[in-house]
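Student: Residue numbers (numbering that gives the first Met the number 0), protein chains in the order written: chain A, 0 to 123; chain B, 0 to 272.
Because the hints were derived from the structure by calculation, they are not lab data.
All C-beta atoms in this analysis are idealised placements derived from N, C-alpha and C, irrespective of residue type, glycine included.
Be aware that one or more of the hints could be misleading.
Claimed, not checked - Calculated pairs, DSS-like style, for lysine-lysine (alpha carbon to alpha carbon, straight line, at most 27 Å):
1) B:K8 - B:K61
2) B:K69 - A:K1
3) B:K91 - A:K84
4) B:K114 - B:K61
5) A:K79 - B:K225
6) A:K1 - B:K83
Said to hold, decoys possible - Non-contacting residues of chain A with respect to chain B, defined by C-beta distances greater than 12 Å in every case (computed):
7) D29
8) G33
9) R34
10) I38
11) N73
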Amino acid sequence: MKIGISSTGNTMESALDPRFGRCAYFVIHDTDAGRNEFIENAARSASGGAGIAAAQQMIDSDVGAVITGNMGPNAFDVMKNAGIKVYRCADADIETALKLYSDQKLALIDSAGPAHAGMGQGGH
Amino acid sequence: MNLCVLSGKGGTGKTTVSVNLSLLLGYNYIDCDVEEPNGFIFLKPENVMGEDVRIDYPVIDKAKCTLCRKCAEACLFNALVTTKSSVMVFEKLCHACGACAVVCGADAVSYAQRKVGRIEQGISRGIAVKRGVQDVGEYMGVPVIRQLLSRLPEGNNILDCPPGTSCNVVNTIAFADRALIVTEPTAFGLHDMELAVRLLRSRNIPFGVVVNKHSADNTLIQDYCKENRIRLIGTVSYSKEAAVAYSTGRMLTELPLYKKEFEAIALKIGEVR
């Protein structure tokens, strides 16, 4: 299975980005092949709907799970519809986040956080 | 003739200047600040009638949709997502551009309408008083502004703009022949006013400046106007009396000092050309 992780950079030592829609990169980790791919988050600077566009990238990358800090209501709806599980992880680098996941120490996010949380400057 | 009143910075007195000038000049008052229109509080119009503002949003026919993803890729506003089982529509993000139906090869996209706001119009002391009101929870004011300004009353109109220089303002000044910038003598007021100046110059709209919250010992805006050859139309004095009148929904022209100041501004409006 593939796992998508919101990341501040494009290395395994990068810190996990707590924002989903507006993170800098996604790490796509393939648990079977043990491979990692880094994709730039094209939605990062969208004027609106960043979470939705980021969620589309997760679907297109064929992930079965996402690890992030928080997720807004729109992206969360897409994840639910697509059957992708979303796990919450606090401060950690990507390597550690994956270890916590494989040790089953991450909790499922079962409800959406506030909208526009990752935008800065008070939302709009 | 449509005179738009804008500011750059919020809270500088666009509505204060607009409502007082409307009554003095006999111009109709059009509140284009659809996110938070407050001109009606001062003009208290009667016989208010209204109509809804509705916009299109896509409806996907599941039986015809092939999940090809073209619609989601074409959408510049991230209103569509294609999952493995369906296309999800986030209607509040849709700008009703129609691209999804154009790219759909399966004829699966049609449009329905939903309400995003309201237009209201009444009469106050002989002038038409009109406003657009964006529904709570909606992101976009532009459809409301366009419908509001597409049918303006006959004669001269004052268009009380939203703050800033965003899409809402750009779409309002598209209907303007002349403009007034209302600003305040603070660094923030000047900074945001410069953005408004650049916007108006880019659209070749003639404009003048009114300094609100004016006090004799602060000539920040006057100095800027002189340096940049911008016409100063007048000043509105800073006082507690004005703030108290404003906070209780009264017109400043009910106060003798302000009546004089607004009459002076009204006389000079013709110089904006």
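Student: Would you mind marking each hint as holding or not holding in the structure?
Tutor: For each hint, the structure was consulted:
no.: 1; hint: B:K8 - B:K61; result: violated, 47 Å
no.: 2; hint: B:K69 - A:K1; result: holds, 24 Å
no.: 3; hint: B:K91 - A:K84; result: holds, 25 Å
no.: 4; hint: B:K114 - B:K61; result: holds, 24 Å
no.: 5; hint: A:K79 - B:K225; result: violated, 60 Å
no.: 6; hint: A:K1 - B:K83; result: holds, 16 Å
no.: 7; hint: D29; result: holds, 19 Å
no.: 8; hint: G33; result: holds, 25 Å
no.: 9; hint: R34; result: holds, 23 Å
no.: 10; hint: I38; result: holds, 16 Å
no.: 11; hint: N73; result: violated, 6 Å
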